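K.L.:
Given next are the chains, with one letter for each unit.
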Amino acid sequence: MDDRGFAGAQFLAVALFIAAAGVAMSLYLGSSLAYQKKSVDAEALRQTLERAARAALDLMAKDLDEEADSPHDPVWSELADVASRATSGDVGGAAPDVTLTVRDVSSGLNPNFVRKDLLEKTSLGRLMDPRCSPQSLQQFREDEGLSTQGAFYSQFFTPEARSLVTCYGWANLNITDEFVLRSLYASLTGYPAGAEVFHTKVQGLLMAKRLVQRSELASFLGADAAALFPVICVEPPLNINYVDPLLLTAILGDPDYGLKDPEAHAAAILDSRAAGALTASDIQRLLGVQPGHILLQYFGAHTWFWEVDAQAGGQRCSLIAARIPSLDAIPTSTKAVFRVVETRFER
Amino acid sequence: MRRRSRASGSLAPMSDEGSTLIEAVVAVMVIAIAGAALFGGVGVGMRAFEKGDRAAHSAAEALMIDDTLRERSREVKIPYWERGACLGRDAGSTTVFYYGGLKKSTLSIAEQDSALVLDCPAGRSAFPGIHLISVLPLESGGALAGLDVSYAIGGRRYHSLAAFGAAPLAPTGGSGSGG
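If you read the protein sequences in the order shown, they are chains L and C. Sequential numbering from 1 applies to the first sequence in the numbering used here. Sequential numbering from 1 applies to the second sequence in the numbering used here.
These are computed hints drawn from the structure, not numbers from a lab. Be careful, since some hints might not be right.
Across the chosen pairs, the derived CB separations fall in these ranges [what the hints assert, rightly or not]:
no.: 1; chain 1: L; residue 1: A15; chain 2: C; residue 2: L87; range: 48 to 54 Å
no.: 2; chain 1: C; residue 1: Q112; chain 2: L; residue 2: E196; range: 37 to 43 Å
no.: 3; chain 1: L; residue 1: A34; chain 2: C; residue 2: A122; range: 22 to 28 Å
no.: 4; chain 1: C; residue 1: E139; chain 2: L; residue 2: A34; range: 33 to 39 Å
no.: 5; chain 1: C; residue 1: R54; chain 2: L; residue 2: S154; range: 19 to 25 Å
no.: 6; chain 1: C; residue 1: A122; chain 2: L; residue 2: Q10; range: 33 to 39 Å
no.: 7; chain 1: C; residue 1: E71; chain 2: L; residue 2: G288; range: 24 to 30 Å
no.: 8; chain 1: L; residue 1: V197; chain 2: C; residue 2: G88; range: 34 to 40 Å
no.: 9; chain 1: C; residue 1: A122; chain 2: L; residue 2: A208; range: 45 to 51 Å
no.: 10; chain 1: L; residue 1: R126; chain 2: C; residue 2: E139; range: 24 to 30 Å
no.: 11; chain 1: L; residue 1: P192; chain 2: C; residue 2: D113; range: 19 to 25 Å
no.: 12; chain 1: C; residue 1: D113; chain 2: L; residue 2: A223; range: 48 to 54 Å
no.: 13; chain 1: L; residue 1: S219; chain 2: C; residue 2: E139; range: 15 to 21 Å
Derived EDC-like pairs: lysine to aspartate or glutamate, alpha-carbon spacing no greater than 20 Å straight-line [what the hints assert, rightly or not]:
no.: 14; chain 1: C; residue 1: K103; chain 2: L; residue 2: D143
no.: 15; chain 1: L; residue 1: K37; chain 2: C; residue 2: D66
no.: 16; chain 1: L; residue 1: K335; chain 2: L; residue 2: E144
no.: 17; chain 1: L; residue 1: K37; chain 2: C; residue 2: E139
no.: 18; chain 1: L; residue 1: K121; chain 2: L; residue 2: E307
no.: 19; chain 1: C; residue 1: K103; chain 2: L; residue 2: D129
no.: 20; chain 1: C; residue 1: K104; chain 2: L; residue 2: E235
no.: 21; chain 1: L; residue 1: K201; chain 2: L; residue 2: E178
no.: 22; chain 1: L; residue 1: K38; chain 2: C; residue 2: E71
no.: 23; chain 1: L; residue 1: K116; chain 2: L; residue 2: D129
no.: 24; chain 1: C; residue 1: K104; chain 2: L; residue 2: E142
no.: 25; chain 1: L; residue 1: K37; chain 2: C; residue 2: D119
no.: 26; chain 1: L; residue 1: K335; chain 2: L; residue 2: E235
no.: 27; chain 1: L; residue 1: K38; chain 2: C; residue 2: E50
no.: 28; chain 1: L; residue 1: K38; chain 2: C; residue 2: D90
no.: 29; chain 1: C; residue 1: K103; chain 2: L; residue 2: E235
no.: 30; chain 1: L; residue 1: K37; chain 2: C; residue 2: D53
no.: 31; chain 1: C; residue 1: K51; chain 2: C; residue 2: D67
no.: 32; chain 1: C; residue 1: K104; chain 2: L; residue 2: E144
no.: 33; chain 1: L; residue 1: K38; chain 2: C; residue 2: D66
Treat the numbers as computed from the prediction; the structure is a model and nothing was measured. From the three backbone atoms N, C-alpha and C, an ideal C-beta is built for every residue, glycine too.
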């Protein structure tokens with residue numbers, strides 16, 4: 001047999017073996033790399049979305065109207081530009097088509113803090129599931145604690161009412177349930193005995209029917225002010241420019257608050273806010289109440305918790321940002337300062 | 001190839017048979033050397049492949065553990081007002097409260113039967129052959145914000161930093177600015 005032919009066959013066999021091994025290796029590495037690439041791409045998009053959402057928050061901190069947050073604020077028209085600026089050049093050099101949306105998530109009925117009286121005396125009681133009562137909600141909070149997740153309280157409300165319910169907000173000392181304030185004190189300071197003392201102070205306010213004004217807050221909170229504020233404060237939780245008409249009418253209709261013809265007042269407010277942003281002084285004027293009235297503890301002109309949502313490529317990043325109020329009796333600056341308290345990703 | 005004849009001094013053709021034998025011996029030797037080199041090379045290649053395969057396998061497993069840890073930690077949503085103890089330790093197991101935002105719902109991380117085990121209401125994930133080294137709290141402004149988990153796969157040490165979906169607000173003295 002020709003030796004050259006034999007050597008060629010051997011060489012061919014070895015080359016075939018090496019080629020087969022190479023193909024097997026590349027297939028194996030290919031599948032590993034594909035998993036890695038998928039993971040890296042998803043992480044890159046996640047980071048892009050978070051960056052876009054944070055850019056929106058920066059814009060809001062810089063440009064939100066200082067007197068009132070409302071749908072009329074020109075800042076909202078800049079969101080699309082913010083999304084494209086924040087994401088240009090990301091993810092393989094191409095800017096993903098990010099959609100940014102921002103919504104108020106604190107101008108609702110907060111089951112963490114609501115007093116049972118308000119549910120018993122106003123039409124808000126109709127939002128509750130017929131099998132539950134304001135008393136059972138209060139007991140549930142005592143037994144299970146509080147939560148930022150709406151689903152935690154879903155059993156207490158009718159399906160139609162759930163869009164009006166929010167678990168985000170600051171606890172206004174003057175309108176929050178006294179037992180919740182005690183529980184918040186313990187969570188914020190880690191000092192249960194101090195919580196009992198604080199509870200007694202709050203009961204004193206309730207019995208005297210006295211409201212703590214902003215100028216008195218720091219002294220009322222005392223040495224624990226740094227720990228308690230801003231979670232416990234005297235900021236009105238509901239932004240008049242965003243609050244649902246049903247909530248607005250129900251709260252204005254609380255017989256204890258003595259407002260005559262609450263429906264007419266609610267209608268006037270809704271008409272006015274359709275025309276332009278309402279400020280704190282507008283609210284007082286439209287309600288025809290004196291400064292220090294309890295209704296001004298419910299309704300203000302600022303939104304305290306926003307949800308900033310960025311979406312692209314089937315992924316979604318949502319930030320819940322809290323606006324930090326000022327503890328100063330007369331705030332030196334009305335510029336918004338935000339802190340992200342929750343981050344959610346969905347894909 | 002030709003050689004000079006001693007008798008006549010003329011050139012005569014060389015024997016083809018001798019030539020074939022030498023060429024065949026040389027060819028066989030070359031093939032043998034090439035084969036030995038190839039065999040050695042393939043051996044070295046295989047060992048390198050196995051080593052690379054082990055490293056790739058460890059890295060893929062670490063990536064999977066990292067993904068799972070981050071995913072599970074993102075579901076831990078400690079309310080912004082909660083500054084109490086949200087982290088518990090018991091016999092090599094670390095438990096975090098507020099999984100899904102519910103105080104009594106937990107995520108636990110432990111080493112059980114030579115496996116890293118993550119247990120939460122969403123399910124139980126076990127990673128066999130993983131040695132859990134430590135679970136440390138990650139803090140932001142003095143508040144618990146996530147977990148720093150160290151583990152070993154085949155002697156290699158890996159590290160996952162997993163942030164919670166929601167974390168408590170730092171006291172106002174330590175609160176930062178926007179974003």
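K.L.:
Please flag the earlier hints that this structure goes against, numbers listed from lowest up.
P.N.:
1, 5, 6, 7, 8, 10, 11, 13, 16, 17, 18, 19, 20, 25, 27, 28, 29, 31
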